[in-house]
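Enquirer: The chain contents come next:
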Amino acid sequence: MSFLLAQFLSGLAQASSLFLVASGLSIIFGVTRIVNFAHGSFYMIGAYAACWVALTVDSAAGFWGGIAAGALAAGILGAVMERGLLRRLYRSPELFQLLATFGVVLVVQDAVLALWGPEDLLGPRAPGLTGRVRLWGQPVPLYDLFLMVLGPVVFAGLWLLFHKTRWGVLVRAATEDREMTAALGVNQSHLFTAVLFLGCLLAGLGGALQIPRGSVNLHMDMAMVVEAFVVVVVGGLGSVGGAFLAALLIGQLQAFGILIFPEITLVLVFLVMAVVLVLRPYGLLGRPPVEARGGEAGPVLRPAPPWAGWMAAGGVAALACAPLVAGDYALLVLTETLILVLFAASLHLLMGPGGMVSFGHAAWFGLGAYAAALVFRHLGLGLAVGLPAAPLLAAAGALVAGWFCVRLSGVYLAMLTLAFAQILWSVAFQWTAVTGGDNGILGVWPGGPFAARWAYYELTLALVVAGVVALRRVVFAPFGWTLRAGRDSPLRAEALGIDVRRHQWMAFTAAGAFAGLAGGLDAFAKGSVFPTHLDISTSVDGLVMVLLGGVQTLAGPLVGAVVFHGLETEMLRHVPYWRAVLGGIIIVLVLAFPQGIVGALSHRFGRSRDS
Amino acid sequence: MTGDALLVVDDLHAFYGRAHILHGVSLSVAAGEVVALMGRNGAGKSTTLRAIMGLVEDRRGRITFAGQDISRLSPHRIARLGLGYVPEDRRIFAGLTVLENLEVGRRPPRPDAPAWTVERLFDLFPNLAEMRNRPGGRMSGGEQQMLTIARTLMGNPRLILLDEPSEGLAPRIVEMMADAIATVKREGLAVLLCEQSLPFAGLVADRAVVIALGSVRHTGWMGDLMADEGARQAYLAV
Ligand SMILES: Nc1ncnc2c1ncn2[C@@H]1O[C@H](COP(=O)(O)OP(=O)(O)O)[C@@H](O)[C@H]1O
Ligand SMILES: [Mg+2]
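Sequences listed follow chains B and C, in order. Count the first sequence with the numbering used here and you get residues 2 to 612, in order. Count the second sequence with the numbering used here and you get residues 304 to 541, in order.
Extracted from the complex, chain B is given alone in its bound form (with noise of 0.2 angstroms):
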């Protein structure tokens, strides 16, 4: 009994620090309607900025000027990004928004990485506060009551800031009617700056109040805004009580959920998840968005010219040709890049005509590649068999998933996107007898006649010419234009009798399928399947690269592929922090490119026949 007692005071520590980093994204979301990717990077500046200090200075002085410094630290930066990056994009789709902010978080990982080295950093205990006390006979760390305290004076702290300050109330204002608050004069600049230093700095004292409880690492950025939007999206966006009810239970499950399944405590977060969101569409306190007024169609696709058409043939005819002078190294970066190439395409059906966006698209381009090794490795049967298996298992996973999902839109139902991929790597990863867990499953070859590495590559090309060619049948099907109606005026194309969902759950199955294929083409080209195949870089590399190409053309997922891959095989050889450049490089072109690539190419090319 008082042992269920500690772990339930465990959970409200844990409870404490989600919750400062959780309100932080609520906060910032609500306001400036950015879902900010690089949460969990403040959450890691904070950290190691508040370690270094208090390593540096060992005192209580230290300790606790650490903690103010990781805070500021986080929150200025934060303001810095406000002003040099997000202002320029509050008018850009949420989508490119979102890329903005990964650079970011990829600019961090490496600037954090050269200025403090890729070892853990093992930061000092609170003084004052290393003893435990007893309750109900049960030893409790200081600390953890200290941090079960502070979760509700900050929750206390930003409710009268909101409530009793004219600041407050001009954010509540804002989160609410932007334009509004700004025809009654109050400059939303300055107020959006401030948002981002407060979010940011709550970020970073989530992040400097763990050095305590645990290692500080490079990885804690990622770990750490996967479960911040998970609390957020639970509470509800924009919601500071619902960030603070969503932390208590995200705490409780976590640490309960350690007693009944320790391994898998991940994927009970996220089934909760996916029922709160079932159950209630925008979280437990959230409400629904207000439709932005004037409601804009996206802008019309058209078939290309005929002479795309013949360009096009005659590329794909150059590919074919391509191993009578590429050696094999060039080969398998090609084999990598059309691979990529029909993953982009699929993630594109899903984003451009479904209007849906997906944080989670690896879940089917993984399930894929565990299906053809896993056929391989436990019923032994090669890639007549493996291959095939990839698009069914893929369709068939986003069948179940995507039933749960269409029912849901925007920011929502891209984190149940998140949540199943969550939930399908934490299997890959655990479920060891079966999957081999970290190691993966190796060796799994092509054999037979597609041993060579040329053969394969020209299966590849064959597969993914017929899927992209596929795909972009089912755009301009009947199919395609009825999924764009509904993407553009859900309520109009409900009232001509078109069931949207249902379109959309099938077009949500087509793209899983799809990716599938792509992911077991991906297992047999490198022999080897990882959990890695499932993860959240996997589906944000499929984002970057539809949006690099723009989402609004065909051509641009192919063209985002062929980029991106470029730049990060390219980069990986030659850049010692490509991460950063990579990162700097998209932030770049988000600023210079609102549309993206393609989108503003053949924007200006419709301008000047325009004129």
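No lab work stands behind these hints: they were computed from the structure. Possibly wrong hints are sitting among the right ones.
Said to hold, decoys possible - Computed Cβ-Cβ distance ranges for the label pairs, DEER-style:
no.	chain 1	residue 1	chain 2	residue 2	range
1	C	Thr522	B	Gly85	27 to 35 angstroms
2	B	Val428	C	Ser377	45 to 53 angstroms
3	B	Leu161	C	Arg437	15 to 23 angstroms
Keep in mind the model is a prediction, meaning the values are calculated, not measured. All residues carry an ideal CB built from backbone N, CA and C; glycine is no exception.
Position chain C with the ligands relative to chain B; hints supplied.
Expert: What follows is chain C with the ligands alone, placed relative to chain B:
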């Protein structure tokens, strides 16, 4: 009339995407004057007000307020010069209380405009005084209309752009609105009022500007328009 005009709009064009909505609207409002901007549904009345306020991104033409060119300023700068905006859909902050809604609109008093306080506004709209701490989302349409006007007056403006304040309200509330407009006019405030209802405009306005399809068709004294059967038939009859 334009010599001492407070607000001068000259050849204003406005676009929503590719749609060209306003085709060269020109009008002026003198200090302390109430001008009714009239026209049928979809004529471009609201777009005119939104363009003056800087809320329509794509706008061309010259707009001067108190001698200053405001045609390229952002909405909050325009508001700070003393131009108040009351939108037709009211846009009350639903999660904020009456007092908080008023707080958002509060700006320092200016020498050339009447100064409002919360208590003075509660005198103007006694209904609001009884619901200081009620969230805006739980008020009736008439109460919201009073609150949105009061909120804009908290900015101590010299001129307010008032978009269809009588729309969809009970006759008793419409009367209160007309009284309120008369009161603020007596305080020296100028008003540019969008209206479709001729009787309401006739109660409060000095002059009328009639637009149709985004162009001005008629400008004149309110009384003359009321008397001119032909003009009324041509521009205003449904
Ligand atoms: N956000 C918008 N996007 C596109 N067209 C609009 C928008 N708002 C208004 N319009 C169009 O502009 C025209 C003028 O509208 P509006 O100024 O609201 O007229 P009024 O206020 O006189 O009824 C109408 O044809 C309307 O359909
Ligand atoms: Mg109107």
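Enquirer: Find the hints from earlier in the document that the structure breaks and name them by number, from lowest to highest.
Expert: Going through the list in order, the structure violates hint 1 alone and respects the others.
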